[in-house]
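Number of protein chains: 2
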Amino acid sequence: MLNPLVRAIAVAAPLPSLGDNTGDLDRLKKVLAPQLGGVMPVVPYRRLSKVAGRFRAAGFAGAAIVNEMAGVPVLVDFLSRPPKVLAGMALDLGTTHLEATLLDLGTGAVLARADLENGQIRFGADILTRIHHAAKDEGLAELHAAIIGSVNQLATELAGRAGLGAGEIRALSVSGNTSMVHFFLKLNPCHLCREPYIPMVNAPDPCLAGELKLAIHPAAVVWFLPSVGSYFGGDLISGVLASGLDQQPETCMLIDVGTNAEVIVGNREWLIACAGAAGPALEGGVARMGMRAGPGAIEHVRIDPDTGEIRYETIGKGKPKGLCGSGLIDLVAELYLTRQIDIRGKFRPQAAGDRLIEGSEGYRFVVVEGKDAADGQPVVLGQVDLDALMRSKAAMYMYAILTTLTNQVGVAFGDLHRIYVAGAFGRHISPRQAIVLGMLPDLPLATYEPVGNSSLAGAQRILLERQARERSLALAGKITYIELNVNQEFMLRFSGSRFIPHTDHALFPSVPFFDGE
Amino acid sequence: MLNPLVRAIAVAAPLPSLGDNTGDLDRLKKVLAPQLGGVMPVVPYRRLSKVAGRFRAAGFAGAAIVNEMAGVPVLVDFLSRPPKVLAGMALDLGTTHLEATLLDLGTGAVLARADLENGQIRFGADILTRIHHAAKDEGLAELHAAIIGSVNQLATELAGRAGLGAGEIRALSVSGNTSMVHFFLKLNPCHLCREPYIPMVNAPDPCLAGELKLAIHPAAVVWFLPSVGSYFGGDLISGVLASGLDQQPETCMLIDVGTNAEVIVGNREWLIACAGAAGPALEGGVARMGMRAGPGAIEHVRIDPDTGEIRYETIGKGKPKGLCGSGLIDLVAELYLTRQIDIRGKFRPQAAGDRLIEGSEGYRFVVVEGKDAADGQPVVLGQVDLDALMRSKAAMYMYAILTTLTNQVGVAFGDLHRIYVAGAFGRHISPRQAIVLGMLPDLPLATYEPVGNSSLAGAQRILLERQARERSLALAGKITYIELNVNQEFMLRFSGSRFIPHTDHALFPSVPFFDGE
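As given, the protein sequences belong to chains A and B, one line each in that order.
Using our numbering, the first residue of the first sequence is number 1, and each one after it goes up by one.
Using our numbering, the first residue of the second sequence is number 518, and each one after it goes up by one.
If we strip away everything but chain A, and leave its shape as in the complex, we get (with noise of 0.2 Å):
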């Protein structure tokens, strides 16, 4: 039974009369009561005219559209007939990418899907340089304008696809980091990146598109998956809502890397969490040839052990153009397996082959040569990119969060029943070549398990079922979430992962140990 965030009930009213002189709005309050389980729904100001209104015009029967907010049944229209498809946008709103579904809210059928990327990223390809630019005089304003303006023209596309009008869109969830729904809700995010790290909000109470001016509905409700802390977003929540981690009798632990890494563990009965910015080799920021997840992007790199031969694939089939950050990944594990890179990162020349070219700024891998590539210019991986990845927290961090978090806790690696692995990391990375590299523990592959985009998937299960909205808020005051930032533990276990695949070997027995040579 789908208890969606917005219904379109069919009423039929008795008419006005003499003898029975309600009000236009009073008597359609009285007839939807009933059905609102005895609850009398409230009508916005900015609505009345037109619900009553349609209401009359209608012969007083039709269907009513209530949405749901902060509990309360909200009327926000009347329907001469109910509508053919009730439509919801479920929404992934992502600091790079803007990933989003429109759902039949009658039976959660999925209509259409689309992504896009953020229109925020003119301002600064990570969350950091917006807070910065949102300092500045319409900073802020700029930043909400190309928000809304991307969230509009992926609704405007998701509904051209199912066959409707943007503005037929009635219900919108979003689920997005700390920062991003600051943005979209124009609120101050100064306070996000300064010691103590606190949000203006962490669960906004539900409002109506039109205060947004979102091109959607202006009546439709657009609801917000809570978030924990200014590193712990709305996208976990609906990360623990998709994987089912707060229903677990074992303990088990959910990992989302995107721009940031949000680890949560525990099961039923206890949710424990932290977040760190997982830096930018995950988006392809560190290594010169490193591009965002895009076409011509190379997104898996494979070495024969044997011959010295790579293979790739990249995004969209196409001619390579570079590596975005699972192809990086990919190779640096590669190349260490083949033992082409030591374990503190450096090439080996004595067991490279003519791919090591040797320049002024020191060595260079040649991944794709220029004739096979898409601008002509080869794809290479230097000495210095290799160094500022082991400096760079993005592939060391993980792991330095993972025992901090699992130590906190008193809980083995061992102990945990499963690792759900969400995000982009989730969907291009697989488990093996992230052990390789000592970001994930040496675990059975199969505790490991991929949940795809599950900030859309929470963010569907918000626009269908009440229970999932209700344990969303009651998630957000469950989870205990650790401030690592500061976290003394956690920087001496960061320092301990400097090596490939850590200092300490024993750690992962699994991966070829290549000591000294």
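Among these hints, one or two may not hold up.
Computed cross-link-like contacts, DSBU-like style, restricted to lysine-lysine with a CA-CA straight-line distance of at most 35 Å [stated by the list, open to error]: (1) B:Lys995 to A:Lys50; (2) A:Lys84 to B:Lys703; (3) B:Lys547 to A:Lys213; (4) A:Lys50 to B:Lys653; (5) B:Lys888 to A:Lys213; (6) B:Lys601 to B:Lys567; (7) B:Lys547 to A:Lys136; (8) A:Lys317 to A:Lys371; (9) A:Lys50 to B:Lys703; (10) A:Lys30 to B:Lys995; (11) B:Lys863 to A:Lys50; (12) B:Lys653 to A:Lys30; (13) B:Lys703 to A:Lys213; (14) A:Lys30 to B:Lys601.
By construction, these hints were calculated from the structure, which means they are not laboratory data.
For chain A, the structure is supplied; the task is to place chain B on it using the hints.
For chain B alone, coordinates are given in the frame of chain A:
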């Protein structure tokens, strides 16, 4: 114990820290909830950034401003310290006149009083003309702007008198007839005057002042006394609240005559009401010397039965300009009691002195000579005026309404424990004179209890008492309303009231009966 419509609640929240990363707004809600009966307040989107920002700027301690709206606590503002005075405005939204008080919501004390002519008068003196005007292109917008403008002017004046700015008024309760509330909310009033006379809404949900572009604080809650029907407005519900009619063990009656004549009879068990347009007589519209009850209007008249000397009182104590409704009724009653007019309302030249002049239009009675009048023009009452008065619904309507209503419920006049007389009628017209004219039943004068401006009194209680708010909403659902405009019995009774005091003199034993001389 006051439970005002808006409260300033002192809070001192624990400071945010690395160990407590609750969002600013979530932190505030959390400390407020226990003071709101455990209910989490809702924050409207338009106030989110301000509330959270001010809470932080105040160092997480100060006073939260919480509105009560449709049963839900709505958090709308935060001040660094509790306001010296939390001010609320009670408004009697009359067709002709606005009257308002400013209350200290902490103590219930009246800080200021003010009144103002309704700025809509330029579009028509009576409601019907305005409803017709609303049908024109920009008509409704003009009427809406006019009444909002008047209320803003009144709010500014009230606040000024209390040494405050209008923006410091944090709540507004509105008690008006159904049409005025429609204009105030910019709702199409066209069905109010068409059978079966159905309002667009009887009980609008509260809104924020900013939504109506009111000059008081934009986050001030605006609360509306509910109406029962097109001709039975929130001002009458106010009257019931203020008189306590709905809590009486004995059956009582409330009569409110202003622009409309509205009557309600009942006790704590049941309440039955009816209403009708009172016609223009009571607004001074019948006699050519008639005027609204403003400075220079004669409001009381006595004629010495021996000497024929006339004594009068004017509003403002200045020289007379004309007669207002109560002056007219006084004059006609006195003329009858001194036998200068007969039971059909015809002048009796043989009894009248030299004040009676015969001209081309028949007899004219000089109330005030030109030399004593404000503008040199004598104040006169012509036979034409008397005829119009006798024909008009004004004087006769009342008794027909009262009879029809009591008949309908099987109550004799003598069974009425008390009759509360509200509105202009109660303030300016003495029950004795009204009995002489056959407007009120011939009961002991002690039965009649003037209740003053009960519309304003009710609005004040709404500002201060939750119980009054709940009672008013329950009342609107409890009152049975009878539409007189289509009531056969009423029409018969109405024509029976063509004489002074009545065709059936036995109904008015205390009034001397001067039959056919």
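Structure-based check of each hint:
no.	hint	verdict
1	B:Lys995 to A:Lys50	holds, 27 Å
2	A:Lys84 to B:Lys703	holds, 32 Å
3	B:Lys547 to A:Lys213	holds, 30 Å
4	A:Lys50 to B:Lys653	holds, 19 Å
5	B:Lys888 to A:Lys213	violated, 67 Å
6	B:Lys601 to B:Lys567	holds, 21 Å
7	B:Lys547 to A:Lys136	holds, 32 Å
8	A:Lys317 to A:Lys371	holds, 17 Å
9	A:Lys50 to B:Lys703	holds, 11 Å
10	A:Lys30 to B:Lys995	holds, 14 Å
11	B:Lys863 to A:Lys50	violated, 54 Å
12	B:Lys653 to A:Lys30	holds, 32 Å
13	B:Lys703 to A:Lys213	holds, 23 Å
14	A:Lys30 to B:Lys601	violated, 42 Å
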